[in-house]
Amino acid sequence: MSQNLRLQRLKGLVRKETLQIIRDPSSIALAFVLPIILLFLFGYGVSLDARNIPLGIVVEQPDAATQSLSGSFEQSYYFSPHYFQTIQQAEIALKFHHIQGIIWLKQNFARQLFSHTQAVIGVRVNGVDSNQANLTLGYIQGTWQDWLYRYARVQGVKLNIPIEAEPRVWFNPAVSSRMFLIPGVVAIIMTIIGSLLTAMVVAREWDRGTMEALLVTPLSNIEFIAGKIIPYFVLGMGSLAATVILAIWLFDVPFIGSVGILLVTGALFMLVSLAVGLLISVLSKNQFVAGQVAIVISFLPAFILSGFVFDIHSMPAAIQVITHIVPARYFVAILQSLFLAGNIWPIILTNTAELLILLLIFSRLVAKKTRKRLE
Amino acid sequence: MSIRRHLLLIIALAIKELLALLRDKKSRMVLIGPPIAQLLIFGYAATFDLNHITLAVYNEDPGEASRELISRLSGSPNIDLLYTIQHESEIKPLIDNQDVLMVVHIHPQFSADISQGKSGKVQLILDGRNSNTAMIALNYTREIILQLNQQWAKNGLLHGPPVILESRAWYNENLRSRWFIVSGIIGLLSLVVSLVVTALSVAREREQGTFDQLLVTPVHPAFILIGKAIPGLLIGILEASFIIVVAVLWFDLPFRGSIGALYLGVFLFTLSSVGIGLMISSICVTQQQAVLGAFMFLVPAVILSGFATPIANMPDSVQLITYLDPLRYFLIIVRSVFMEAGSYNLFWPQYWPMVIIAITTLTMAAWLFRHKMY
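Taken in order, these protein sequences are the chains called A and B. For the first sequence, position 42 matches number 41 in numbering that gives the first Met the number 0, and the numbering has no gaps at all. For the second sequence, position 164 matches number 163 in numbering that gives the first Met the number 0, and the numbering has no gaps at all.
Isolated chain B (complex conformation):
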């Protein structure tokens, strides 16, 4: 057969798959609507920045210094001073019922101690049910106290610390978690879409009985595979491009790196997602199994990718598993291109594992076409 005929064959198969996917109005909507809604909702919702630290103050000290501290705290844009309490017994219900995240308890001797050159004691009581929120609120409050300390020291009223820290964050100068999360969503949503499109494609034909018809045609299974892979690849890449544009234009993410390096990453990532989707699909007999299979892959893939929590914090054995997760590599690429001005030379360690994942899964899918598990 000539190359031209092969090409025509692949195109015909791809068109058939695309039609099967897009003909139904509901499935069309499902591919377009939810991802856009999710991008917008999650883009705003998923933030580690605390901008409403709810606070109650229990001040036993009548002095000047405590008033200054309270006005510093309540003047901060990220702290909402909700209650001023008079009695120790009021602390517990406020924290228990999650009315406030933090109670600042200023001891009676606070101002007196400071004016005598001793350290004034402040107790910070936090709700640890969400430990991350508690830590961020604690760091934030400490920062305010540190600034106050340094200012008092500078005014010559007191000794300040002899050493100060001068901290600077690279690449994300104001430490906006939205930059981190929205860039992660690019990977997350294109994984979901390309996986679901392909995971159901073989299972659906199996359930409807048309897959056997396809197998008895003179078309080589490799072509059936390519035909089934193309729609997932196209939709995945389109989806990723759309989100990239929205991330830059709507969410104001910086785009500092190389577009080519990013798109090589998008291509390899989508290809490996499609490979995994097709592999799941050819193992499964029914669509229900395929959806569950996609899910069984998707949930760990998201959790272990470093999307929300860093891979470096995981135990070593779990870190080994993350090397099987294509999203892990892609997230490094996206975030680096957006924030670190990354380019090809930084990304080889991310590219080749995705190539291997794609080749392995696609080959297994092609083999499984013929050799059903049961």
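Bound-form chain A, shown alone:
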């Protein structure tokens, strides 16, 4: 068979797929509108940084000391204090979600403070959202410690806290969650586009009965797969470029690494996602099943198992093993380093290698399962 003929056939199939993409506005919408919506959602909507936490303050016996302490909470960016007469009232407000936590200065607070026995501040938080509660407790502790130093200085007391910790957070000195979420979002968007788009394309041929028509053509397996992948690869890379540019431009996320590495690893990741999508498509042969499986297999694992929000090291060992077959995991790691820390070669190389292995496995499976045969 001449090389020329093969190329021509491939071109034909690519043209057909491209036309299908262009004529059904939903794939274009998915590739270019969804990333923008997602970027806005994550960029503006998703934040783990609390601000203006409604905090109840109960002062049973106001004096100068309690006033300066509650003043510290009022000035803090993290809290918006509400005052209550009694702890009972504050607890009811906590129960009805009007406030997230309570600071309780008991009657003997001032007396204890001056008699050199330790005064106690009661703190209550609503623990339902445990992560938020943890962070709130951390902020309360920080505000309290600052106040303590200041108060001691004003009173002329020498305050000797034995150990003083100075935190330095590298790569993200302001500890802004947006900085780490945005690179992850790019990986999630790519997963969705890669696997969801292609999940439907072979299943659709079976559903509509056009598969039989393709079967009688002299098209080989490889040509068939390539023909399906090429147009979506182009679409996906366009979407990757658009997403990264928007992310940097809209959200001021630094991009310290090199663009070349981004393109190479991005292309590799795109291929893996497309292969996953095709595999779903080939196995399910029915759009209903393919659509369901794609949602369940692509989006949710990319969201939860990729290390995008939840730390992989904290997962049980068995789950950590499972995360190795989630392609997004590697791309999230690469992107977080490329954006915030630069070209960290050990991270880039190991993750790229794992992506390559996944690509080999998935494409092998696709090739094996794509049998041009009626059952």
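Have a look at the derived ranges for each label pair, beta carbon to beta carbon:
(1) A:345 / B:240: 42 to 50 angstroms
(2) A:152 / B:316: 37 to 45 angstroms
(3) A:260 / B:316: 32 to 40 angstroms
Note that these hints are calculated values from the structure, not bench results. Glycine included, C-beta positions come from ideal geometry on N, C-alpha and C.
Following the hints, complete the assembly by docking chain B onto the known chain A.
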């Protein structure tokens, strides 16, 4: 027509829809298998608790106090002391390559300062690429240092802080993030299932051409709508019940509130998901569009629901959008019933918005049955 005949008609339509859904072995599997697998995997995977804070120590201080601090840190069950380094230049590669999350740098004067009654300085260097993890690790380390401070103060060696905090968390006393996440998964997975079941139902018939046949039968569109809604409703409620049972029996979540209040919530939530699914389905012409449409709704709905990140942290304009998200209301109900012993009186502000979402979307779906967009 008598009420009896109407009922029979609806039952017949619902059975037809259920058969269309469950006849195919693959679609049956898809409704049962993945949700169970996901519940188990995500239940264990989605945790904000850090139980392996990887740590390297760079100790320049030969004294007693620094050894005590290090043994406190490495003795903590959630900290893994991986490296003890000798040189400042070793810090950067360890953090850069994510070999450790945190480096504790103890200054040479540490013990000497403390014994002279000054504060000993410790630098904590954290990898901020995941800011949340960094914050949690920082808080955790601070807590250990605080305890050590208070203990030294109590032993009379040094002055301690004159004021101490006595913190207590309500409803989730040990601040287990699994309680928070698993209860959220109940909403997440039943939304996914009921949405996907209904989102494809009209689009599939449109693509196969059977929807026009259905429309020319003497059955009123409202009945077609009810017939299509029932399977989604049934499957959604069953799915939610299953996950609730697993959450309590397998993941040991507390169940402190009222079952009735929870199920009223489950019903209204599933109804509004079904309404949204049917609306998407009747806008779309092909199944591909329907899947994409479901996705376009699902992703923002999950992100804006407060499932993983709190709504209160969002900008005000985005918070307004979350009022359109049924999952937002349902998550408050589930979590409150599980942990806060919530009951009906707490939930009216959550019930009625779901009623409105359900009525609006179902009405629009019925209207769209007849008036195709294109």
